[in-house]
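Taken in sequence, the protein lines are chains Y and V. As numbered in my numbering, residues 1 to 114 make up the first sequence, in order. As numbered in my numbering, residues 1001 to 1114 make up the second sequence, in order.
Just so you know, not all the hints are guaranteed correct.
Claimed, not checked - In silico DSSO-like pairs for lysine-lysine, Cα to Cα no more than 30 Å straight-line:
(1) 15(Y) - 1106(V)
(2) 1106(V) - 1037(V)
(3) 57(Y) - 1022(V)
(4) 1109(V) - 11(Y)
(5) 1042(V) - 15(Y)
(6) 1068(V) - 57(Y)
(7) 1042(V) - 57(Y)
(8) 1022(V) - 1057(V)
(9) 17(Y) - 57(Y)
(10) 1113(V) - 1037(V)
(11) 1022(V) - 11(Y)
(12) 11(Y) - 1106(V)
(13) 1106(V) - 57(Y)
(14) 1037(V) - 57(Y)
(15) 1109(V) - 1022(V)
(16) 1022(V) - 1113(V)
(17) 1057(V) - 1071(V)
(18) 11(Y) - 1042(V)
(19) 11(Y) - 57(Y)
(20) 1057(V) - 1113(V)
(21) 1068(V) - 1106(V)
(22) 57(Y) - 1071(V)
(23) 17(Y) - 1042(V)
Simulated from the structure, these hints should not be mistaken for laboratory data.
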Amino acid sequence: GAGVSQSPSNKVTEKGKDVELRCDPISGHTALYWYRQSLGQGLEFLIYFQGNSAPDKSGLPSDRFSAERTGGSVSTLTIQRTQQEDSAVYLCASSLARGGHEQYFGPGTRLTVT
Amino acid sequence: GENVEQHPSTLSVQEGDSAVIKCTYSDSASNYFPWYKQELGKRPQLIIDIRSNVGEKKDQRIAVTLNKTAKHFSLHITETQPEDSAVYFCAACSYGGSQGNLIFGKGTKLSVKP
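Pulled out of the complex, with its shape left as it was, chain Y reads as follows:
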């Protein structure tokens, strides 16, 4: 079946603009995760959803970052007033449930803030 998809694949934006990144998880997966990966770096946890609720927002780097999930499916990650340090690949993953289940990653959105 279809895997996790993300859009756009690439996004170039000017500093100060808002951006919205989208994630379509695997159908039936209740848990959804957002990570940030800077060039040559590890996977930085941002936020996860169980259904439509986000019990753990501790990883969001600042109040410019927010995320929502509707209908237990699609999620959007919004970055307001983008800064150059926001440039990274944003990865989304989904799993059958939270915790000890395999996470399936999407291809990522490469965000470049100029």
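With the hints as your guide, set chain V onto chain Y.
This is chain V only, laid out in the frame that chain Y set:
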């Protein structure tokens, strides 16, 4: 919260040799330890995982060991091949409690020389 340390950051081996990557974690409540492989420009993919009720798990040329007392776990790749070249990430999480997200190590770049 959980903290995962991974060593080494880079590892170069000759084809046919073994490779070992080690991780330590801080939260004694963690009970799920997956390993992900990320090839250049691609998304991370699960290669093997282990839960806290076992000490070792094998899958063909890949094995993972877990020492809960010492809070460390290791990935062992035998008879390495050039296609094993990638970045490998370890992770830890505690499922069944209030947490459910994976905390990743910073990654090990493995290069297998033919």
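Right, here's what the structure says about each hint:
For the given pair, residue 15(Y) sits about 28 Å from residue 1106(V) by alpha-carbon distance, which is consistent with the 30 Å threshold. Our distance criterion of 30 Å between C-alpha atoms is met by residue 1106(V) and residue 1037(V), whose separation comes to about 12 Å. With a C-alpha separation of about 29 Å, the suggested pair residue 57(Y) and residue 1022(V) falls inside the 30 Å cut-off, and the hint holds. The straight-line distance between the Cα atoms of residue 1109(V) and residue 11(Y) is roughly 27 Å, inside the 30 Å bound, and the hint therefore holds.
The hinted pair formed by residue 1042(V) and residue 15(Y) meets the criterion: a straight-line CA distance of about 27 Å does not exceed 30 Å. Proposed proximity of residue 1068(V) and residue 57(Y) is supported: the alpha carbons are some 28 Å apart, at most 30 Å. About 26 Å separates the Cα atoms of residue 1042(V) and residue 57(Y), which keeps this hinted pair within 30 Å; it holds. With a C-alpha separation of about 15 Å, the suggested pair residue 1022(V) and residue 1057(V) falls inside the 30 Å cut-off, and the hint holds.
About 23 Å separates the Cα atoms of residue 17(Y) and residue 57(Y), which keeps this hinted pair within 30 Å; it holds. Pair hint residue 1113(V) plus residue 1037(V) holds up; C-alpha atoms about 18 Å apart against a cutoff of 30 Å. The straight-line distance between the Cα atoms of residue 1022(V) and residue 11(Y) is roughly 35 Å, outside the 30 Å bound, and the hint therefore fails. A distance of roughly 25 Å separates the Cα atoms of residue 11(Y) and residue 1106(V); the hinted pair therefore holds under the 30 Å criterion.
Of the pairs offered as hints, the one joining residue 1106(V) and residue 57(Y) holds, with about 21 Å between alpha carbons and a cut-off of 30 Å not exceeded. At roughly 26 Å between alpha-carbon atoms, residue 1037(V) and residue 57(Y) fall within 30 Å of each other, so this suggested pair holds. With a CA separation close to 13 Å, the supplied pair residue 1109(V) and residue 1022(V) stays within the 30 Å bound. About 21 Å separates the Cα atoms of residue 1022(V) and residue 1113(V), which keeps this hinted pair within 30 Å; it holds.
This hinted pair checks out: residue 1057(V) and residue 1071(V) have alpha carbons roughly 16 Å apart, not beyond 30 Å. Restraint check for residue 11(Y) and residue 1042(V): satisfied, since their Cα atoms lie roughly 17 Å apart, inside the 30 Å limit. Distance restraint check for residue 11(Y) and residue 57(Y): the Cα-Cα separation of roughly 24 Å lies within the 30 Å cut-off, and the hinted pair is therefore satisfied. The suggested pairing of residue 1057(V) with residue 1113(V) holds, with an alpha-carbon distance near 26 Å, which does not exceed 30 Å.
Among the hinted pairs, residue 1068(V) with residue 1106(V) is consistent with the structure: their alpha-carbon atoms are about 21 Å apart, no more than 30 Å. Of the supplied pair hints, the one linking residue 57(Y) and residue 1071(V) holds, its CA atoms being roughly 26 Å apart against a limit of 30 Å. For the given pair, residue 17(Y) sits about 28 Å from residue 1042(V) by alpha-carbon distance, which is consistent with the 30 Å threshold.
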